[in-house]
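Heads up: the sequence lines are chains A and B, in that order. Residue 91 in the working numbering sits at position 91 of the first sequence, and the numbers go up by one each step. Count along the second sequence from 1, add 449, and you get the number used in the working numbering.
No lab work stands behind these hints, which were simulated from the structure alone. By construction, the Cβ of each residue, glycine as well, lies at the ideal position given by its N, Cα and C atoms. There's no promise every hint is true.
For lysine-lysine, the following DSSO-like pairs were computed, each having C-alpha atoms within a straight-line distance of at most 30 Å [as the list claims (entries may be wrong)]:
1. LYS857(B) to LYS128(A)
2. LYS557(B) to LYS408(A)
3. LYS408(A) to LYS577(B)
4. LYS837(B) to LYS126(A)
5. LYS435(A) to LYS857(B)
6. LYS702(B) to LYS262(A)
7. LYS557(B) to LYS129(A)
8. LYS126(A) to LYS435(A)
9. LYS711(B) to LYS253(A)
10. LYS262(A) to LYS711(B)
11. LYS408(A) to LYS884(B)
12. LYS126(A) to LYS857(B)
Quick partial rundown of chain A residues pointing at chain B, CB under 8 Å, derived from the structure [stated by the list, open to error]:
13. HIS60
14. ALA109
15. THR111
16. VAL115
17. PHE123
18. MET200
19. LEU406
20. VAL412
Protein chains: 2
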Amino acid sequence: MLRARGGWRALRRCASLPRARRAVRLRVREALGAPEPADEVQVQGWVRSVRSQKEVLFLHINDGSSLENLQVVADPSLENRDLTFGSAVEVQGKLVKSPHKMQNMELKAETIRVVGPCDIWSFPLKMKKRHPLEYVRQFPHLRCRNNTLGSLLRIRSEATAAIHSFFQTSNKARESAEKTHFFNVPAFLTVSGQLHLEVMSGAFTHVFTFGPTFRAENSQSRRHLAEFYMVEAELSFTESLQDIMQVMEDLFKTATSTVLSKCPRDVELFHKYMAPAQKDRLEQILKNKFVTISYSEAVEILKRASQTFTFKPEWGCDLQTEHEKYLVKHCGEVPVFVINYPYDLKPFYMRDNEDGPQHTVAAVDLLVPGIGELCGGSLREERLPFLKSRLQRLGLADAYQWYLDLRKFGSVPHGGFGMGFERYLQYILGVDNIKDVIPFPRFSHSCLL
Amino acid sequence: MLRARGGWRALRRCASLPRARRAVRLRVREALGAPEPADEVQVQGWVRSVRSQKEVLFLHINDGSSLENLQVVADPSLENRDLTFGSAVEVQGKLVKSPHKMQNMELKAETIRVVGPCDIWSFPLKMKKRHPLEYVRQFPHLRCRNNTLGSLLRIRSEATAAIHSFFQTSNKARESAEKTHFFNVPAFLTVSGQLHLEVMSGAFTHVFTFGPTFRAENSQSRRHLAEFYMVEAELSFTESLQDIMQVMEDLFKTATSTVLSKCPRDVELFHKYMAPAQKDRLEQILKNKFVTISYSEAVEILKRASQTFTFKPEWGCDLQTEHEKYLVKHCGEVPVFVINYPYDLKPFYMRDNEDGPQHTVAAVDLLVPGIGELCGGSLREERLPFLKSRLQRLGLADAYQWYLDLRKFGSVPHGGFGMGFERYLQYILGVDNIKDVIPFPRFSHSCLL
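So that you can see chain A by itself, here it is in the shape it has in the complex (with noise of 0.2 Å):
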């Protein structure tokens, strides 16, 4: 029956009401859903519309938990002067089953009490009007009042979730890696927490982290943020980039079947407005395996392309924007794994993989239509003399002596892989721009909360 459950929901008991008004306490979510009619029940939340005829008075109330509005049916007379859209109200009454072919159950109300009144002719939003996303990110305090916002929230806390999830089956550490001044030494905000996890995974076979990351990025663009949130995960004992890749395609999958099965109404609004293709091919790409290929091979489809590039590809040259979005138009519109990349590309710890002097690294990146690299990752040199040499000729043996020392003491082969989660719910979502899949968006010349 309508009862509350324990735990976060313990204090919908209702220790507010007054004694002889013992009320269930319904999220609108739940009022929508419930099971059958029921009497004195209490929904609170925020007006999105109000319509006043003749003999009856229409409100649509949302609290956050569901994108559907309920719909209350009122005597006129409950109409007052606050009742305004956007509002905070607390409704008290009966849930009765709607005549409505669109919704299960709606509410009368018995009383309508304002909360908290809405000085509409300041709030820069308005009663359906759907408003340009830029125009709401103005307004970083009031936005998760819009449709949009509150849907995205629905679908990052659900996707948040699931990638807990992924990773929570059996040992693992979190960790994250941030510093103030004050240290005695430089400190710096964190640009990954890799280096940490490489520790930790000196001691447990598989970690993960997933927390916020800063980038000092100087673009203006819809793909970054400089304040992120990164996934992170690394595991031990792992001689193979394919192990890594699968993991990486596993969360992918795991976390997106997920989000798809949770949200479906918030996932619909997206893919509805943004992206209407979107779903269907979300579904082939989840049946398939993401698609591979080497560093070398995309270099001759690129050289093979009949389009001009801005930048000539070649060997040994990183790939641009425009080279990752012909790769994956060449491949299909689907996730596509490139591996092995130039030596000289990539960071010192990536592994050698000694098919040529200083050749190619074991590193891989997993790029998505319309967004470019989702995810990068590599095998880490584990050997202690190609670390050693490799830091040496860049002068920073000394400085990472302490990293150095995890190859000295019971060294494992292991790699891991890192996933930006905004760009994850752009890519899923079909949102063109990054800063409307996060709360508070931070960028260059950018920090309005």
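Start from chain A and add chain B according to the hints.
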């Protein structure tokens, strides 16, 4: 039977093993708990001890999956120079019932491969030695090889998961608030996500966040870090401080029960060596309701105390550590909620109780034995005139215009709290120094890694 499950463990389908030798790869924890003997098993890990006898070679292997090691029994011919304490090995053989009472299974080795040798002369950890926590703290990149840190990280991970799962019931939002330079305006690391959670609680009735938090505490105390993890929750349509306290208590109890039942051996390690009576105490605490006293009562109790305090207790002054200790002891060494603090002691966002002109606010601190403040929370001032005049008096009305806005457009009574995750771990495990419950402790004058 002994088979790798999907997801995160998919990689253990042994892609890196030669086809001819398809052993089933098991973690130490799985090998120890195997329901029946098995041939062709592979276990990987780090050597915790080597004992060579005339007829037989004994190894203990640990891979971070459990506190217990797996005993490996081998022919002395398999011994080699590199097979030392600390080295990384891959052992293949038969899993057999152990003749020892203390363990279920052991591994009869057919091959032992040293994957990564360990230079034991320079390795700062020594075989079978109990190193003091202060000693291992000097080696942030190696201390996770230590039993205590290993247990801590498994417990930390379980507690993190329990907290997430406590809040992951229905709708909620995640956010965190980090900023770096280069935004055109000064930007700071977050000391709390509360104000941003309040933004979200204007559209979602239940929100939480859990991430790194920064405070420039100049204290060298055993209870402060410059970077720590904080879980924060905010509840809309909440008019009673009791509601907030109920969630605090439920969160504490749920997370603690989960950790106690999921990591019994790891928790036991801490309780045994650091806080022998803690287990019984925790069990009592989980059964009883937390004690609640008002700030005014607290001051009365302190004034009546026979003990002499360095800081004389007086209404209107902050509670000092010595006061908190006394109060907790007075209440029977259990968690104590102290509520309704003087208006002038607390930040501008706390709700005026109107029990006198600017007399007290609806604030709550949760004090626990040995630690002091574990959680802090309050109802927030949702009434525009109250908040505005307070901000005006502080000269902050312009800077917080956005925050005032939240009270103009459908304001709701709301409140929330934060819990320091490291203090939580310190308390339930009985760990003296907060630096020993976080993978990479950073505090004033120290940022080793």
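Verification of the supplied hints:
1. LYS857(B) to LYS128(A): holds (20 Å)
2. LYS557(B) to LYS408(A): Holds - the C-alpha atoms of LYS408(A) and LYS557(B) are around 28 Å apart, at most 30 Å.
3. LYS408(A) to LYS577(B): holds (20 Å)
4. LYS837(B) to LYS126(A): holds (25 Å)
5. LYS435(A) to LYS857(B): Status holds; Cα separation ~26 Å.
6. LYS702(B) to LYS262(A): holds (28 Å)
7. LYS557(B) to LYS129(A): Given that 30 Å is the threshold and the Cα spacing comes to 71 Å, the pair is violated.
8. LYS126(A) to LYS435(A): holds (22 Å)
9. LYS711(B) to LYS253(A): Roughly 28 Å between the alpha carbons, so the hint for LYS711(B) and LYS253(A) holds.
10. LYS262(A) to LYS711(B): Measuring from Cα to Cα gives roughly 27 Å; hence the hint holds.
11. LYS408(A) to LYS884(B): holds (26 Å)
12. LYS126(A) to LYS857(B): holds (15 Å)
13. HIS60: violated (14 Å)
14. ALA109: violated (17 Å)
15. THR111: violated (15 Å)
16. VAL115: Check passed: Cβ of VAL115(A) comes within 5 Å of chain B, closer than 8 Å.
17. PHE123: Because about 5 Å separates PHE123(A) from the closest Cβ in chain B, which is inside the 8 Å limit, the hint holds.
18. MET200: Result: holds, 6 Å to nearest chain B Cβ.
19. LEU406: Result: holds, 6 Å to nearest chain B Cβ.
20. VAL412: With Cβ-Cβ at 4 Å, under 8 Å, it holds.
In this structure, the hints that do not hold are numbers 7, 13, 14, 15, in rising order.
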